[in-house]
Amino acid sequence: MNKTFTLKNVYVENTASVVGPTEGAGPLGDLFDVVIPDDIYGENSWEKAERKMLLESMGLCMNKSNYQTEDFDMILAGDLLGQLISANFAARDLLIPFVGVFGACSTFTLSIGLGSLLVESGFMNRVLAGASSHHETAEKTFRFPTELGVQRKATATWTMSGAGTVILGGVGPVRVSEVTFGRVVDYGLKDANHLGAAMAPAAFDTLNRHLTNLGKKPEDYDLIATGDLGSVGHIMLKHLMGDKSLGSGNLTDCGLLIYDTRQDTHAGASGCGASACVFSSHFFPLLVKGHINRLLLIATGALFGQTTAQQKESIPSIAHAVCFERVSDQ
Amino acid sequence: MLKERESPQAKRYARLVEQEKPRVSLGFNILRAFLVGGSICLVGETIKTYLISYGMSVETAGIWMSISLIFLSALLTGLGVYDEIARFGGAGSAIPITGFANSIVAPAMEFRSEGAILGLAARMFVIAGPVIVYGLISATVFGLIRSVLL
Chain X
1 MNKTFTLKNV YVENTASVVG PTEGAGPLGD LFDVVIPDDI YGENSWEKAE RKMLLESMGL
61 CMNKSNYQTE DFDMILAGDL LGQLISANFA ARDLLIPFVG VFGACSTFTL SIGLGSLLVE
121 SGFMNRVLAG ASSHHETAEK TFRFPTELGV QRKATATWTM SGAGTVILGG VGPVRVSEVT
181 FGRVVDYGLK DANHLGAAMA PAAFDTLNRH LTNLGKKPED YDLIATGDLG SVGHIMLKHL
241 MGDKSLGSGN LTDCGLLIYD TRQDTHAGAS GCGASACVFS SHFFPLLVKG HINRLLLIAT
301 GALFGQTTAQ QKESIPSIAH AVCFERVSDQ
Chain U
331 MLKERESPQA KRYARLVEQE KPRVSLGFNI LRAFLVGGSI CLVGETIKTY LISYGMSVET
391 AGIWMSISLI FLSALLTGLG VYDEIARFGG AGSAIPITGF ANSIVAPAME FRSEGAILGL
451 AARMFVIAGP VIVYGLISAT VFGLIRSVLL
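Keeping their order, the protein sequence lines are chains X and U.
Numbering follows my numbering, in which position 212 of the first sequence is assigned residue number 212; successive positions increment by one, without gaps.
Here my numbering runs 330 ahead of the position in the second sequence, where the first position is 1.
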């Protein structure tokens, strides 16, 4: 069933996250490193604000571990905008070899998965992996102008403003132990306002392959977190899992953790930022403190474009899985 | 090879997705649209009645009423309030002339960062453009029918 990579020598050294004001007002608000005061963040366009957030999360990561740019062999990062302008332009200011990666909202685990293989191979010592999304830039690119009066569908998710970065290297409190890259899965759904349902089969495919390849069961992980399936997509994934359904309730979705219901964000948060920020500021500390020992993070992405949606094509999706393990104290 | 997206499994899944879709209350939505749309019209009627009471002709008062509503809608869009009204009122805020004004001001604001010509001016009609095109076509068709019949 295609390969799952098991790794021995890759660790998450540090993480950092920068989120928007709406996300800062949510249940995880106090955990993020930086909550920006407004979505434009002192810039004159939202695009500039997004790249500033990504750059800041990378800088914070380096500062936390006292590294300089020359300590890194590569940056792997991506976002949702055309030509990856957030990641590309953020990397412009760092002068570290850069590879932009695109996996739509699955970009975070794609970056980590690729970065981990590079470190495991021994070719690289230290890699920065990150991803960003921004509510307004995404709305502008994929939907309607933000001030336009439209009612959102109940199944629609809210692209969150947030950037998260991790440092992958040879030491650290959390080990990257397993990586399964996703296959492109398409169950023929076409509703761009219901991406969670379109992505759930991709999450299921990757999860299923990951578990089968390793001969593991869902219970072997303390937590299995998908990226941004949202409330309905989360239910659909449970349906797909059928008898493999998790009795212990260890299945969650990053998108469901960002907002509370009062925030009127419908099906939950979406965007690369969801898995990036929730991992960086919530799961990583949980792993470090030993509240959980094994986390399987499966970020999900809808690989469609404006043009294909308008041409009435279905929505292909992908999910990449990465397992993080706490390094025990001895 | 059967494509996954055309497989029976995919079709079953699509049916399941339909079942799990959260239901929205149509009646409640219609009521909210009625309240918001009605209130906008009430504001318009108030302006018109007020102007007529100052001696303006009904026709001129109607024009000033439209201008006032367009101005108010543009102002509320700029202040970031109109989309909140629409979130509550749905079609009630989209159908009146204020909705049309909002659909022009919103993209103008959005694409201002791409410059006054290729951004603001070019993208201004991205929502309203189709309305104008099909509005003109249907006006022409009905105008022709009318001229033939009457």
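What the hints contain is simulated information worked out from the structure, not anything from laboratory work.
Quick caveat, the model's predicted, so the values are computed rather than measured.
Possibly wrong hints are sitting among the right ones.
What the hints assert, rightly or not - Listed below are the simulated BS3-like cross-link pairs for lysine-lysine, each with C-alpha atoms no more than 27 Å apart in a straight line:
hint: 1; chain 1: X; residue 1: K190; chain 2: X; residue 2: K312
hint: 2; chain 1: X; residue 1: K312; chain 2: U; residue 2: K378
hint: 3; chain 1: X; residue 1: K312; chain 2: U; residue 2: K333
hint: 4; chain 1: U; residue 1: K378; chain 2: X; residue 2: K153
hint: 5; chain 1: U; residue 1: K378; chain 2: X; residue 2: K190
What the hints assert, rightly or not - Which bits of chain U does chain X cover? Going by a derived footprint, with three or more residues having C-beta under 8 Å, they are:
hint: 6; stretch: 336-343
hint: 7; stretch: 407-413
Unchecked claim - Listed next, the stretches of chain X that the computed footprint assigns to chain U, with coverage defined by at least 3 CB atoms under 8 Å from CB atoms of chain U:
hint: 8; stretch: 15-29
hint: 9; stretch: 93-101
hint: 10; stretch: 185-195
Note that CB positions come from ideal geometry on N, CA and C, so glycine has one too.
Now the hints, each set against the structure:
Restraint check for X/K190 and X/K312: satisfied, since their Cα atoms lie roughly 7 Å apart, inside the 27 Å limit. Using a Cα cut-off of 27 Å, the hinted pair X/K312 and U/K378 is violated, with the two alpha carbons roughly 45 Å apart. With a CA separation close to 17 Å, the supplied pair X/K312 and U/K333 stays within the 27 Å bound. Restraint check: the Cα-Cα separation between U/K378 and X/K153 comes to about 36 Å, which exceeds 27 Å; the hinted pair is violated.
Our distance criterion of 27 Å between C-alpha atoms is broken by U/K378 and X/K190, whose separation comes to about 46 Å. Requiring three or more residues with a Cβ within less than 8 Å of a Cβ of chain X, the coverage given for the stretch 336-343 of chain U holds, as 5 such residues are present. Remark: the stretch 407-413 of chain U is confirmed as covered by chain X, as 5 of its residues place a Cβ nearer than 8 Å to a Cβ of that chain, reaching the required three. Only residues whose C-beta sits within less than 8 Å of a C-beta in chain U count toward coverage, and the stretch 15-29 of chain X has 0 of them, not enough to reach three; the restraint is violated.
A count of 0 residues in the stretch 93-101 of chain X with a Cβ less than 8 Å from any Cβ of chain U is obtained; the coverage claim is therefore unmet, three being the minimum. Only when three residues or more bring their CB closer than 8 Å to a CB of chain U does the claim for the stretch 185-195 of chain X stand; here the count is 6, and the claim holds.
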